[in-house]
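*Asks:* In the order they appear, the protein sequences are chains A, B and C. Just so we're aligned: 34 in this note's numbering is position 34 of the first sequence, and the numbers increase by one with no gaps anywhere. Just so we're aligned: 199 in this note's numbering is position 199 of the second sequence, and the numbers increase by one with no gaps anywhere. Just so we're aligned: 134 in this note's numbering is position 134 of the third sequence, and the numbers increase by one with no gaps anywhere.
Some hints could be false.
In silico lysine-lysine, BS3-like type, Cα no more than 30 Å apart, as pairs [said to hold, decoys possible]:
| no. | chain 1 | residue 1 | chain 2 | residue 2 |
| --- | --- | --- | --- | --- |
| 1 | A | 52 | C | 191 |
| 2 | A | 103 | C | 56 |
| 3 | B | 41 | C | 191 |
The following residues of chain A were derived to be distant from chain C, with all beta-carbon distances above 12 Å [as the list claims (entries may be wrong)]:
| no. | residue |
| --- | --- |
| 4 | 34 |
| 5 | 44 |
| 6 | 109 |
What the hints contain is simulated information worked out from the structure, not anything from laboratory work. What you are looking at is a predicted structure, and each value in this text was computed from that prediction instead of being measured. Even glycine gets a Cβ: it sits at the ideal position worked out from N, Cα and C.
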Amino acid sequence: MTTDETNGEAVEETPPDTFEGTLWPDVNRALSAVDVRPERGALDLIVHLPRKDVIRGLGMLKHDDELHFDYLRSLTAVDNEDEGVDVVYHLYSVSKNHNLTVKTTLANEDKVLETATTVWQAANWLEREVAEMFGVTFNGHPDPRPLLMPEDVDLSDVHPLLKSHPFAEIDVLQGEGLGHDRDAPGDV
Amino acid sequence: MSTEIFGIENVNVWVDGLIRVLLIVGFMTVVVMGLIYGERKILARFQQRLGPTRTGPMGLLQSVADALKLVGKEDLRPRNADPWTFELAPYLVFVPVFLGFVIVPFVLDWQIRILELGLLYFVAITGVNIVGWIMAGWGSDNRYAMIGGMRAAAQGISYELPLVLALVSVAMVVEVPLADGEVARGSLNLNEIVASQHEVPNIVWQPLVVVVFFIAGLAELNRTPFDIPVGESEVVGGPFVEYSGIRWSMFFLAEYAALLIMSLLFAAVFLGGWAWPAGIFTDEDWPRWAQALLVAGKASIFVFMVFWVRASVPRLRIDQLMGFSWKILLPLMLAQVMVNGLVLVYDWPEIILTVVGLIGIVALFAMVDRAVRQPRQRPASAAQLQSEAV
Amino acid sequence: MVVEAPSEFETQDLLINVGPQHPSTHGVFRMVLEIDGEVVKDLVPYIGYLHRGAEKLCENNDFRQGIGYMDRTEYLAAHNAELSYVMAVEALGEIEVPERAQWIRMILCELNRISSHFMFLGAFGIDVGVFGTPFIYAWRERETIIDLFEEISGDRMMYAYFRAGGLAWEVPANFENRVREVLASAQQGVKDFDGLLTENEIFIARTKGVGFISAEDAIEMGMSGPTIRASGVPLDIRKTEPYLFYDQLDFEPITANGGDVFDRYIVRLQEISQSIDLIGQCLERLQPGPITPERMPRMLRLPEGEAYIRTEAPRGEYGVYMVSKGGNKPHRLKVRSACLSNLQALKQMSVGQYVADAIIILGSIDIVLSEVDR
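Construct all of the structure, not just a fragment, from the sequences and the given hints.
*Replies:* Set out below in structure tokens:
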């Protein structure tokens, strides 16, 4: 386990975090044209960008000489139910060997975002998966087909990874009393 | 050849032919089943497995079991397959191969027929099975089959040439003793070719030709590394993908019968058949059973090498395969024919042939090595292309 | 009479469908090739045949039950998959892992890397056309490794042996000797493969110059693992962002600068030797000790937070992005699959090559569909 960065703990007694020792100063400089808010994650720095500036910001991060985030590690989304859907980008720089997490929040009624394929080709399939699993529309995506879902599912209203989509109902056919209680403590 | 068979004289020539044909059919079927079993066992041993062990003692009845299974299968035909092409294709593959057995010299004076143009007949008749492959590929109404059929045709035609030239270069220098004590050179009669080797087998005089014959033979048999028409991991089964049951087993049988013919031919033309090393010890020929064992042993060498290559070597791609035949094997064989001709015309000592042959083998390996290790033209990366286009 | 051939033949492109049932697609994968003669003009991959919703299922299972799902997303390198997951749980819960458990985890992950690369060598041999000989050699080596895994965790493939905080139970008493036996036989296996394939002219002719991808394109597509290292990029997470105790070991990422299929094969072959060496180094440093922290809660409840933990699985970067909002189940679990990112580049690598090459290129990326589809 890496032991360099300390985990930021949101305890009221400590002074406000100046994000020293992380990439924040450089990121702040690179993204000076947009509204950005930092946060500490367990391993990397997290920055929050508003929806309209996300792709622009990502482009700036990629082409900045000091930061040079040329590698998109992962592109995914998190469903926060009422607060909307967060789209999360994990960036890495091969030449400088540093990481950054970029997040943006989409309101539930308006899950539309520009595509990141203009910045990294790697975003292609990753965005297709987010689109079908969370119902996010990526404007300008070159190939907006479903990736993993079967062809006979109507994807206009079925988005499996949203919290509103239920888990499968499992019929217990035998031994009604044998199911285990999921909240009870289990063995090691 | 006398028209006596098993001591009965003056048998009607048609009856005589029929009896020989039936004997050969029976022999061939048994041997082919043995070859299939042998391949599975030998391949398994190369791969650290055991092969068939359960059906019969040591799995010997495996081929019989397979044959019974295939015979019992339903005879399917895809609905859109052309009925005549689809159903006649197995015959056009199997029958020419079987007809090739007519001239194979098993032992002295024992063949179905001795033909003066034996080698020519062999080459001509085995060329017909390419038509059968194309028919199978086309008639199956299946893209994979069509691709496989076309590949098979391209490969078969390309490798005919080195094969034929290999046989020609041997036939050119064969010594045939004439009645008046003179020696004529050149014969297509397989009996004479074998008889001429009673002291020295042809492999000594024509080492390069042996190597090329082996390679071209592998290609004609559609065997690894030339099995791209039946490339199992790509076009699964090739032109035979839609066949099942007896029709499929006829293709399979034809493949192994062709292997058998090639190996017997190899033994006859290059290793001296039933005449060598008998000619070293006595002036007369050995008894029939010894000759049969000799021929069987020599044919087994070829068969074993074919299996060995199958277990060890990857598959060539179609363009590499064609390039190899046209750019490497064909020029070498043309050169060999020319050298043979020079030796014939100017009556040079035959040791020149051996030396030239060995140099030729070295040249073959050198050419292949150079072609393989040549750095390939690297396509420009997408980023480069984009930056150039912009 | 001379017949003039038409100067341009009218040809038609052929659409062939490879898969999802096919001996060569390494699982249920489908690609539609548009070919002109033998040259591939276009390639469209279709995935999702093995999608089982692992990420959604993990949201309904607590932090111990999720380990089994991670096994099944990458069944050929299950230890590496479990490792990312338990490391994410430990990062969020700030759980300290005892040293002995870390070293054993490293040994098991490297052994899994060896067995996974042998699987690649075997399947690749079949793709190239050698009928089965490399496959059986590979299986012989894998069997020794899998037997060892069975002695340790009770399972040949889906181990569920790592736990948040350490290991499930102590390894058997003869662990070190068994590992050394396995290493000796793996060493011999590498020699066998090297002798069979590496210098074979036909193999070289089939694989050199085929399926080229440049370093810039590979980085742009987000590729990782031996596939990107074969293009010359020394991206090995064990070296660039060390986890466990990889910073104490002495090794360099293995790269090649050809970027073609042959280089990917060579990189993996050499990585087996490198892993054998790393395991040797780990065994020297292995000390007796506890394998779980002293006070482990029976039911893990993690505080709020998120972590993206990446480890170097045999196929590339296997990342686990875990979001926890308190409670005993993750709020979101995202598996960053190396094979999915590597597979995106398939079209780029294959267009302009022959059909037979497309199969080999697919084999050289070394995908396992359960990781692509989760």
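*Asks:* Are the hints correct? Go through all of them and say.
*Replies:* Against the structure, the hints come out as follows:
1. A/52 <-> C/191: violated (57 Å)
2. A/103 <-> C/56: holds (21 Å)
3. B/41 <-> C/191: Within the cut-off at roughly 25 Å; holds.
4. 34: holds (22 Å)
5. 44: violated (7 Å)
6. 109: Residue 109 of chain A clear of chain C: closest Cβ-Cβ about 21 Å, beyond 12 Å.
Hint compliance for this structure: hints 1, 5 are broken, all remaining hints hold.
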